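Asker: Letter by letter, the chains look like this.
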Amino acid sequence: MESNKRDLLAIEDLSLQEIEAIFSLANQMEESLSPYSSLCSNRIMASLFFEPSTRTRLSFETAMHRLGGRVISVSEADTSSLAKGESLADTARVIGSYVDIIVIRHPWEGSARAFAEYTPVPVINGGDGGHQHPTQTLCDLYTIKKEKGHIKGLRVALCGDLRNGRTVHSLVYGLAMFGAEIICAPGADLDMPPHLLTKLKTEYGYEPVQLNRSDIKFLKEGLDLLYMSPSKPVQLSFPEESFVGFSAKGKELVRNIDILYVTRVQKERFVPGTEKPSSYPVIDKKTLAEAKFKETIVMHPLPRVDELAPEVDTDPRGIYFKQAARGVPIRMAITSFLLGAKKLPVEEGPDQRKNKEIYKSRHGLACANKNCASFKERQFLAPKFEILSQEPLKLRCVYCEYEIEARCVGNLRSKRCYPPENITKIKKEHLVIFESIKQAEELSFKSVNAPVSLP
Amino acid sequence: MESNKRDLLAIEDLSLQEIEAIFSLANQMEESLSPYSSLCSNRIMASLFFEPSTRTRLSFETAMHRLGGRVISVSEADTSSLAKGESLADTARVIGSYVDIIVIRHPWEGSARAFAEYTPVPVINGGDGGHQHPTQTLCDLYTIKKEKGHIKGLRVALCGDLRNGRTVHSLVYGLAMFGAEIICAPGADLDMPPHLLTKLKTEYGYEPVQLNRSDIKFLKEGLDLLYMSPSKPVQLSFPEESFVGFSAKGKELVRNIDILYVTRVQKERFVPGTEKPSSYPVIDKKTLAEAKFKETIVMHPLPRVDELAPEVDTDPRGIYFKQAARGVPIRMAITSFLLGAKKLPVEEGPDQRKNKEIYKSRHGLACANKNCASFKERQFLAPKFEILSQEPLKLRCVYCEYEIEARCVGNLRSKRCYPPENITKIKKEHLVIFESIKQAEELSFKSVNAPVSLP
Amino acid sequence: MESNKRDLLAIEDLSLQEIEAIFSLANQMEESLSPYSSLCSNRIMASLFFEPSTRTRLSFETAMHRLGGRVISVSEADTSSLAKGESLADTARVIGSYVDIIVIRHPWEGSARAFAEYTPVPVINGGDGGHQHPTQTLCDLYTIKKEKGHIKGLRVALCGDLRNGRTVHSLVYGLAMFGAEIICAPGADLDMPPHLLTKLKTEYGYEPVQLNRSDIKFLKEGLDLLYMSPSKPVQLSFPEESFVGFSAKGKELVRNIDILYVTRVQKERFVPGTEKPSSYPVIDKKTLAEAKFKETIVMHPLPRVDELAPEVDTDPRGIYFKQAARGVPIRMAITSFLLGAKKLPVEEGPDQRKNKEIYKSRHGLACANKNCASFKERQFLAPKFEILSQEPLKLRCVYCEYEIEARCVGNLRSKRCYPPENITKIKKEHLVIFESIKQAEELSFKSVNAPVSLP
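Same order as they appear, the protein sequences are chains A, B and C. So the number in this note's numbering is just where the residue sits in the first sequence, counting from 1, plus 3. So the number in this note's numbering is just where the residue sits in the second sequence, counting from 1, plus 3. So the number in this note's numbering is just where the residue sits in the third sequence, counting from 1, plus 3.
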């Protein structure tokens with residue numbers, strides 16, 4: 004669907020200026036609801052939650068009601084109902100012809116973007132599998148700004164299930180946009196996925212540095228820490244050959260943790276049969292008693308299980324219920340913006356990846372993430388990638404943002420295939436990219452090692 | 004409940020004039036929503052979906068919101084919750100005392116009519132088992148009229164699960180009311196139920212003619228076609244003795260298919276353990292490439308599974324998403340009409356079957372359809388039949404419209420029973436009709452072959 | 004959460020004056036809706052039903068819509084979804100930051116009170132396990148008043164599952180507040196729980212008297228009756244030594260049953276594996292044919308199963324559908340009162356148990372009811388008891404109202420424990436109460452039989 008509608012599918016769909024303007028609008032809405040009580044009257048929101056949720060769904064619905072709008076709602080307690088359902092593409096076209104704006108939560112990565120491509124109205128991603136949860140990130144950043152006055156340069160420790168937590172996956176990009184420093188403190192085997200680290204490095208210049216756990220006592224034993232900052236080599240220079248010399252820096256590093264962002268184990272995204280993690284960071288009064296946490300604010304996207312002790316609830320540093328409450332004004336602001344009911348006083352939208360090269364084809368390469376919407380809905384969606392680099396030929400799925408390296412390119416007309424470095428020599432309309440030579444040959448392409456010649 | 008409220012339980016609950024007036028109102032609503040945005044303010048709709056649904060429920064709720072009304076909603080993902088529930092009759096009385104209008108979807112045939120009998124407010128049938136789905140039919144007919152300018156005389160091919168599909172079961176009567184020609188192209192063993200064919204014949208003069216599959220290549224091989232028109236013998240004379248001579252006519256017949264109405268397999272209405280059909284019509288680009296489909300519009304009530312290829316989506320003949328979008332203005336129109344918020348400029352309502360004889364009794368005959376509401380709710384509902392003919396004694400269940408032939412009549416006072424032709428000789432208040440002499444005798448009636456004498 | 008917000012968690016949260024004022028407001032609302040159609044505009048109700056419900060949920064939502072308010076809704080068909088959920092305390096804080104008023108139904112006794120303690124907005128108990136259902140009681144009492152003109156002195160027979168039915172558990176206190184007489188006619192082994200009888204006796208002066216079933220033919224055979232009145236010894240003096248002399252009185256007693264309040268078997272609250280009751284009172288036309296029921300009105304909170312025959316529906320004494328319909332104006336009245344949108348012209352609120360002594364401690368005694376919210380949420384809630392008497396030391400759980408007798412008291416400072424009669428000698432801030440000496444010793448308290456000496 005070609006249109007100039009705006010969606011919020013990932014945090015980077017907004018520019019920094021727009022995010023700041025949304026904070027300013029949310030702040031006004033938080034102070035007084037009444038000026039906005041009919042801002043969206045006669046508008047209808049479809050609140051489509053294909054995964055269990057109460058908090059996010061209810062805060063979106065509350066937001067729409069506070070704006071005078073109406074809501075229709077799908078809340079499936081049992082995701083198995085998806086099995087008998089129709090394609091996202093069909094649902095998107097139908098519901099999009101009923102309402103004015105759609106919020107969708109769905110268990111596949113990239114599902115919100117797939118939905119948005121098939122519907123003429125603005126779509127807000129309320130959580131798409133393990134991919135992103137951008138309105139939670141707006142709420143998180145807004146809270147940090149309200150509590151600390153600014154975001155740039157703050158040191159934020161992300162604790163818990165960094166592998167599966169979509170709130171964290173959105174948040175790191177949000178923090179990078181603002182220039183905060185990031186410390187990853189995952190549970191055992193729950194590290195941040197590599198493609199996030201790569202993107203943080205290539206697009207935001209964040210260099211990850213492994214901290215040695217035996218040197219730094221931070222949170223529980225047995226957990227590895229990762230430190231990332233927008234310009235690491237300047238601010239902090241770890242001797243690369245060993246972490247022995249790091250202990251002093253490490254101590255300095257953890258002297259001022261500004262934010263502890265705690266998350267629960269995302270059991271529902273574990274491969275069935277997987278055990279619970281052998282070690283997991285837990286925040287309680289004892290943790291917070293250390294000097295370095297004196298000024299720390301403790302955040303949590305909720306719900307919590309037992310990684311954050313109830314005793315912290317009454318500690319002034321525990322601000323997670325304030326954080327949750329701010330979900331309503333933030334969602335009011337973003338909803339009224341996307342509906343066009345409120346213009347933002349900004350000059351620049353997001354970069355829209357204008358100079359990024361997109362490759363889209365039903366032939367050859369598919370996303371390697373089997374939970375990606377482009378794989379699940381391959382009947383409707385052609386695989387679509389952003390080309391990150393040509394040598395090696397690296398691509399990023401537009402839907403789920405997983406990265407893949409391709410080892411072969413082909414010419415659809417001549418049915419010949421070549422080593423990947425020949426990519427520029429093939430006309431864009433004839434180009435097909437393959438995972439491997441094997442895949443190309445299985446699809447009846449003839450492997451050629453000689454230079455490409457147009458047929 | 005005696006009242007002059009109007010319900011929409013089957014398509015024939017509206018007169019042709021009323022349907023046309025509803026189309027006209029829906030058309031105005033489709034063009035501009037704002038004049039209607041408070042037409043039903045302070046009115047509440049109960050949207051009771053006891054079977055999974057998203058499309059129909061959401062379009063009704065959207066319609067009510069667009070009219071400024073409010074909605075309360077029940078959406079049961081799991082129909083097993085019906086098990087612990089109360090009777091329809093009780094639910095109807097309670098919910099009917101809360102709200103102003105009720106939409107109900109329920110898995111039993113005739114459930115909407117049963118519900119309507121027990122509630123003082125207008126009831127709209129949102130789908131009652133395999134029986135009818137009249138608002139879908141309004142939407143379908145409205146779409147045909149918008150796309151083709153008229154309905155009378157059009158040739159409509161109904162494809163797929165004609166045995167279980169309630170949208171089709173409503174639609175054939177709607178098409179017959181308007182005088183369209185109907186071609187049935189069912190999947191294997193998924194033919195239109197006999198009682199529908201009988202009613203089309205006796206009440207609308209539609210004669211079914213079996214077309215020989217080896218003569219006509221229409222859709223997939225191995226499927227039998229049935230052709231029905233309002234005045235068949237005049238328009239098309241098939242030699243009755245054989246279908247050999249039919250081939251020429253057959254070719255003519257399929258030269259101008261105006262509408263392909265495609266439906267999915269209604270797996271959820273199959274007897275458990277039943278296999279999928281051995282053959283099923285599938286519409287794709289290749290099907291539509293034949294000359295006879297050049298002007299055809301392709302419709303589908305959605306959701307689709309794989310009987311309609313995604314490649315048709317971008318074909319201008321595939322208008323099913325427009326059809327779905329029209330569900331909202333159609334449901335706005337019918338809701339505002341039934342609520343009395345909008346009068347229709349018509350002189351004639353439906354015939355209300357004034358001259359049809361109704362037989363109702365707790366004794367003797369019950370509906371043979373074990374999924375009929377009158378059977379499931381027999382604690383509350385007495386079996387109720389329309390008497391279709393006296394010799395043979397044929398009856399049609401008022402709830403599910405299944406037909407049954409009765410072979411014995413009895414006199415409740417004398418406890419004697421007779422052959423069915425004696426029906427007119429028994430006073431109406433003493434009449435009891437039996438399935439068979441055996442049933443009568445089991446109920447202690449004494450079989451008599453002599454003429455009836457009043458006791 | 005300290006605030007002067009008002010909740011409705013149990014019927015005694017309202018004073019008699021307030022209940023009468025609510026009846027008066029409901030009566031006006033029942034007569035005409037339009038004056039109230041924007042009384043609560045811009046207010047949002049969260050309707051949180053963690054147990055299956057249609058009737059109560061829909062009538063609350065209807066009530067809020069009739070007041071011009073908005074509703075967000077959770078309706079879990081499957082209570083197993085509670086398992087993966089967060090604590091009540093967390094949910095309460097989050098949702099309470101979104102909306103203006105909360106209605107909650109939840110399977111644990113005392114859950115609504117626990118919820119209310121953690122949320123800043125008014126909470127209405129829509130049913131908390133087997134504990135109470137106060138808005139149903141308001142609806143019941145309102146119906147009695149409308150039908151009979153008054154409540155005081157009426158003789159009300161409660162039939163069916165008096166052990167598990169929360170509607171009955173609220174109603175008895177409501178009837179006691181108004182001074183009605185109560186007859187309990189339970190199904191086999193479904194007697195009123197002892198702690199309710201104790202409270203009726205100690206707080207309202209209701210003496211239970213066992214009636215001899217062989218003397219009185221009331222309802223079905225094999226059921227034991229219990230009769231309670233506000234001042235039993237005056238109105239009716241049963242010879243205590245035997246029930247032989249009771250037969251005459253018994254006949255008199257059942258001459259004027261004013262109300263039959265019928266309830267269904269609460270199968271969902273049975274211990275799994277428990278059989279259905281061997282005997283259960285059933286009300287049908289035959290029951291009602293007895294002279295003593297001539298002026299009786301038959302009530303039922305619905306849904307019914309088979310304890311109340313459909314044939315009673317058309318009997319003018321069967322007023323249960325009118326009773327259900329009154330749920331809407333009653334819930335409109337209570338909602339607008341709790342939201343502060345409507346003041347009640349009363350001088351006195353409920354007594355708030357001002358002079359009742361509350362004991363709260365995480366140490367020692369816990370509620371013996373394993374389905375009590377204070378047990379299920381012990382991570383957040385400290386056990387909290389009202390001290391009913393000191394010798395013996397009896398306590399009542401503030402959440403579920405179960406009673407418990409404690410056999411040991413301790414001093415937290417000295418770590419010594421004593422027989423319960425020493426309770427007054429221990430400073431309140433050092434007091435800990437134990438179930439038994441054994442429990443105290445397990446918690447390392449040293450048992451002392453000598454008089455308490457402050458350490």
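Hints were generated in silico from the structure; no laboratory data involved. Warning: the hint list may mix true and false statements.
Subject to a maximum C-alpha distance of 30 angstroms in a straight line, what follows is the list of computed DSBU-like cross-link-like pairs (lysine-lysine) [unchecked claim]:
#, chain 1, residue 1, chain 2, residue 2
1, A, 279, C, 270
2, B, 387, C, 325
3, B, 279, A, 373
4, A, 441, A, 428
5, B, 387, A, 373
6, A, 387, B, 387
7, C, 295, C, 155
8, C, 288, C, 148
9, B, 428, B, 148
10, C, 431, A, 289
11, A, 325, A, 359
Away from chain A, derived, C-beta distances all over 10 angstroms, residues of chain C [as the list claims (entries may be wrong)]:
#, residue
12, 8
13, 36
14, 75
15, 89
16, 92
17, 93
18, 156
19, 197
20, 198
21, 229
22, 278
23, 279
24, 289
25, 322
26, 424
Small disclaimer: the values here were computed from a predicted structure and weren't measured. Glycine included, C-beta positions come from ideal geometry on N, C-alpha and C.
Asker: Against each hint, give a clear statement of whether it holds in the structure.
Answerer: Verification of the hints:
1. A:279 x C:270: Judged against 30 angstroms, a Cα distance of about 36 angstroms means the pair is violated.
2. B:387 x C:325: holds, 28 angstroms
3. B:279 x A:373: holds, 28 angstroms
4. A:441 x A:428: Status holds; Cα separation ~21 angstroms.
5. B:387 x A:373: violated, 55 angstroms
6. A:387 x B:387: At roughly 60 angstroms apart (the allowed maximum being 30 angstroms), residue 387 of chain B and residue 387 of chain A break the hint.
7. C:295 x C:155: holds, 19 angstroms
8. C:288 x C:148: Roughly 24 angstroms separates the two Cα atoms, so the pair holds.
9. B:428 x B:148: violated, 49 angstroms
10. C:431 x A:289: Given pair residue 431 of chain C, residue 289 of chain A holds - Cα atoms ~29 angstroms apart, limit 30 angstroms.
11. A:325 x A:359: Not satisfied, since the Cα-Cα distance of roughly 39 angstroms exceeds 30 angstroms.
12. 8: holds, 17 angstroms
13. 36: Given that every Cβ of chain A is farther than 10 angstroms from that of residue 36 of chain C, nearest at about 20 angstroms, it holds.
14. 75: Label violated. Min Cβ-Cβ 5 angstroms, cutoff 10 angstroms.
15. 89: violated, 4 angstroms
16. 92: violated, 8 angstroms
17. 93: violated, 6 angstroms
18. 156: holds, 46 angstroms
19. 197: The assertion about residue 197 of chain C holds, with a minimum of 34 angstroms to chain A.
20. 198: Given that every Cβ of chain A is farther than 10 angstroms from that of residue 198 of chain C, nearest at about 29 angstroms, it holds.
21. 229: Answer for residue 229 of chain C: holds, closest chain A Cβ roughly 41 angstroms.
22. 278: Per Cβ check, residue 278 of chain C is outside 10 angstroms of chain A; nearest 30 angstroms; holds.
23. 279: holds, 29 angstroms
24. 289: holds, 43 angstroms
25. 322: Its Cβ never comes within 10 angstroms of chain A, the nearest being 35 angstroms, so this holds.
26. 424: holds, 35 angstroms
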